[in-house]
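Asks: Each chain, written out:
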Amino acid sequence: MATATLPSIEDIWEWLAQVPDPEIPVISITDLGIIRDVAWDGDTLVVTVTPTYSGCPATTVINLDIERALKEKGLQRVRLERRLSPAWTTDWISAEGRSKLKTYGIAPPVDGTAADVTLLKRLDRLSGRSSLTVGCPRCGSSRTEKISQFGSTACKASYRCSDCLEPFDYFKCI
Amino acid sequence: MGSATVTDTTVDRAVLFEFLLRMGDSTLVLGHRLSEWCGHAPALEEDIALANTALDFIGQTQLWLSLASEVEGKGRSADDLAYLRDARDFRNLLLTERPNGDFGKTLMRQFLFDAWHHLCLGALLGSSDARVAAIAEKASKEVAYHIERSRDLVVRLGDGTAESHARMQEALDDLWPYTGEMFVNEASDVALVAAGVAPPASLKAEWDALVAETLSEATLKKPAEGHMHKGGKRGIHTEHLGYVLAELQFLQRAYPGAPW
Numbered sequence: 001m002a003t004a005t006l007p008s009i010e011d012i013w014e015w016l017a018q019v020p021d022p023e024i025p026v027i028s029i030t031d032l033g034i035i036r037d038v039a040w041d042g043d044t045l046v047v048t049v050t051p052t053y054s055g056c057p058a059t060t061v062i063n064l065d066i067e068r069a070l071k072e073k074g075l076q077r078v079r080l081e082r083r084l085s086p087a088w089t090t091d092w093i094s095a096e097g098r099s100k101l102k103t104y105g106i107a108p109p110v111d112g113t114a115a116d117v118t119l120l121k122r123l124d125r126l127s128g129r130s131s132l133t134v135g136c137p138r139c140g141s142s143r144t145e146k147i148s149q150f151g152s153t154a155c156k157a158s159y160r161c162s163d164c165l166e167p168f169d170y171f172k173c174i
Numbered sequence: 001m002g003s004a005t006v007t008d009t010t011v012d013r014a015v016l017f018e019f020l021l022r023m024g025d026s027t028l029v030l031g032h033r034l035s036e037w038c039g040h041a042p043a044l045e046e047d048i049a050l051a052n053t054a055l056d057f058i059g060q061t062q063l064w065l066s067l068a069s070e071v072e073g074k075g076r077s078a079d080d081l082a083y084l085r086d087a088r089d090f091r092n093l094l095l096t097e098r099p100n101g102d103f104g105k106t107l108m109r110q111f112l113f114d115a116w117h118h119l120c121l122g123a124l125l126g127s128s129d130a131r132v133a134a135i136a137e138k139a140s141k142e143v144a145y146h147i148e149r150s151r152d153l154v155v156r157l158g159d160g161t162a163e164s165h166a167r168m169q170e171a172l173d174d175l176w177p178y179t180g181e182m183f184v185n186e187a188s189d190v191a192l193v194a195a196g197v198a199p200p201a202s203l204k205a206e207w208d209a210l211v212a213e214t215l216s217e218a219t220l221k222k223p224a225e226g227h228m229h230k231g232g233k234r235g236i237h238t239e240h241l242g243y244v245l246a247e248l249q250f251l252q253r254a255y256p257g258a259p260w
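Protein chains in written order, with UniProt numbering: chain A, 1 to 174; chain B, 1 to 260.
You may find that some hints are simply not true.
On the chain A side, residues computed to face chain B include the following (Cβ under 8 Å) [unchecked claim]:
1) T48
2) V49
3) Y53
4) S54
5) L80
6) S85
7) G151
Mimicking EDC-like on lysine to aspartate or glutamate, the simulated pairs with C-alpha atoms at most 20 Å apart in a straight line are [unchecked claim]:
8) A:K146 <-> B:D47
9) A:K146 <-> B:E148
10) A:K73 <-> A:D91
11) A:K146 <-> B:E181
12) B:K222 <-> B:D159
13) B:K105 <-> B:E181
14) B:K105 <-> B:E45
15) B:K105 <-> B:D152
16) A:K71 <-> A:D43
17) A:K146 <-> B:D152
18) B:K105 <-> B:E186
19) B:K222 <-> B:E206
20) A:K146 <-> B:E213
21) B:K230 <-> B:D159
22) B:K204 <-> B:E186
Please keep in mind that the hints were generated in silico from the structure rather than gathered at the bench.
Fair warning: this is a prediction, and the values are worked out from it, not measured in the lab.
Note that CB positions come from ideal geometry on N, CA and C, so glycine has one too.
All chains should be modelled from the sequences, with the hints used to inform the complete structure.
Replies: In structure tokens form, the structure reads like this:
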């Protein structure tokens, strides 16, 4: 393999942007913000990935999908590295990713609460002392109610719209 | 995995290994207990919530036990630690191995654990061991949702019907003697606390305050201080852990080395 023909980092980001999330295939792994770095180490490509939830079963599938996608582009030497810190936050989901989630029927995370991991702030929110409005992804109403903090996957909560009455998933802040 | 870097020089590796087992074994055993609810919870949403919480715990177990494996440096993987140790070598809190009981009791156990877990991880964010701090950073985000939910449900069931109130009080009275162990400072803790790796004993005051506030809101009566069971940190367990391990470890015991 000629060393002069290594693909550019920009091209590789483009290729990774084509890899769908296995659970929510409308968004890509770059939309999710879990690819933290792409770099060459000699002729080995190092892709640094951060997990969404520590127990997310999609993590293994994502790693396999990344390796397969890059192999299909002709890259033989790929190394995946896991980075735990800084921990993934839904703040890293791209604007395009949020828009795709909404179109797909999943309310995107509401900005500004992801950093609130302190108990007191969460308890404030729980008891209604702070406002968190999750818009209905179908009709746009802001009259929605939380059914459960846990949904069909670890990253989602279950909500219901009080206007169109449809239940929907909310990609919760973390 | 690449080259394992051991950054700790001030803390004895064996002591750090014990600490990591405590963290990982507690999440492993409680995660298993919660997974027993899968398909049996009183409502679909609760079933899903319990399974999701179990999944978070199993994921956190992988992080803690992987680091334990690296620190031990004897070639035992995280899976080996989870599947091939016997009860005497487990370091989980006794609280986590208590049987599920009814839904209320499971939630009371969860709340008492979550309150400790949340505060403990919060303190570990400042651990002098960067690897411990990184796991705490990841896990604390997940645990923030656990405590939010278990606290809410303890309040709702405690301050609910006469029946739910009575069951929650009974659950609390039954589980309370297993909470003291969270704060027992064994000799090994002292070294870790001194080195800034493990959380300080001041955690107890914060836990007491959080629990007292929640129990008051839930109209539940905090049990009188009395005998507290301990032993989990030294591998002295109740009879229940063996049954948990029999189920948890069956596949690897019957088919050693079986991969997915």
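Asks: None of the hints should be skipped; say for each whether it holds.
Replies: Okay, the hints, checked on the actual structure:
Checking T48 (chain A) against chain B by beta carbon gives a least distance of about 12 Å; that is not within 8 Å, so the hint is violated. The restraint placing V49 (chain A) at the interface with chain B is violated, with a minimum CB-CB distance near 13 Å, outside the 8 Å limit. Checking Y53 (chain A) against chain B by beta carbon gives a least distance of about 6 Å; that is within 8 Å, so the hint holds. Taking 8 Å as the C-beta cut-off, the interface hint given for S54 (chain A) holds, the closest approach to chain B being about 3 Å.
The closest approach between the C-beta of L80 (chain A) and any C-beta of chain B is roughly 11 Å, which is over the 8 Å cut-off, so the hint fails. Residue-level restraint check for S85 (chain A) holds (minimum Cβ-Cβ distance to chain B is 4 Å; threshold 8 Å). The interface hint given for G151 (chain A) is met, as the beta carbon of that residue sits about 7 Å from the closest beta carbon of chain B, less than 8 Å. The straight-line distance between the Cα atoms of K146 (chain A) and D47 (chain B) is roughly 16 Å, inside the 20 Å bound, and the hint therefore holds.
At roughly 13 Å between alpha-carbon atoms, K146 (chain A) and E148 (chain B) fall within 20 Å of each other, so this suggested pair holds. Proximity of K73 (chain A) to D91 (chain A) is assessed by CA-CA distance (about 30 Å); at most 20 Å being required, the pair is judged violated. Between the alpha carbons of K146 (chain A) and E181 (chain B) the distance comes to roughly 36 Å, so the proposed pair goes past 20 Å and is violated. The hinted pair formed by K222 (chain B) and D159 (chain B) meets the criterion: a straight-line CA distance of about 14 Å does not exceed 20 Å.
A C-alpha spacing of about 19 Å is found between K105 (chain B) and E181 (chain B), which places the hinted pair at or below 20 Å, so the restraint holds. The hinted pair formed by K105 (chain B) and E45 (chain B) meets the criterion: a straight-line CA distance of about 18 Å does not exceed 20 Å. Taken as a hint, the K105 (chain B) and D152 (chain B) pair is honoured in the structure, with Cα atoms around 14 Å apart against an allowance of 20 Å. The straight-line distance between the Cα atoms of K71 (chain A) and D43 (chain A) is roughly 14 Å, inside the 20 Å bound, and the hint therefore holds.
Note on K146 (chain A) and D152 (chain B): the hinted pairing holds, with a Cα-Cα distance of about 13 Å set against a maximum of 20 Å. Between K105 (chain B) and E186 (chain B) the alpha-carbon distance is near 28 Å, which puts this suggested pair outside the 20 Å criterion. Note on K222 (chain B) and E206 (chain B): the hinted pairing holds, with a Cα-Cα distance of about 16 Å set against a maximum of 20 Å. With a C-alpha separation of about 24 Å, the suggested pair K146 (chain A) and E213 (chain B) falls outside the 20 Å cut-off, and the hint is violated.
Note on K230 (chain B) and D159 (chain B): the hinted pairing is violated, with a Cα-Cα distance of about 30 Å set against a maximum of 20 Å. Distance restraint check for K204 (chain B) and E186 (chain B): the Cα-Cα separation of roughly 15 Å lies within the 20 Å cut-off, and the hinted pair is therefore satisfied.
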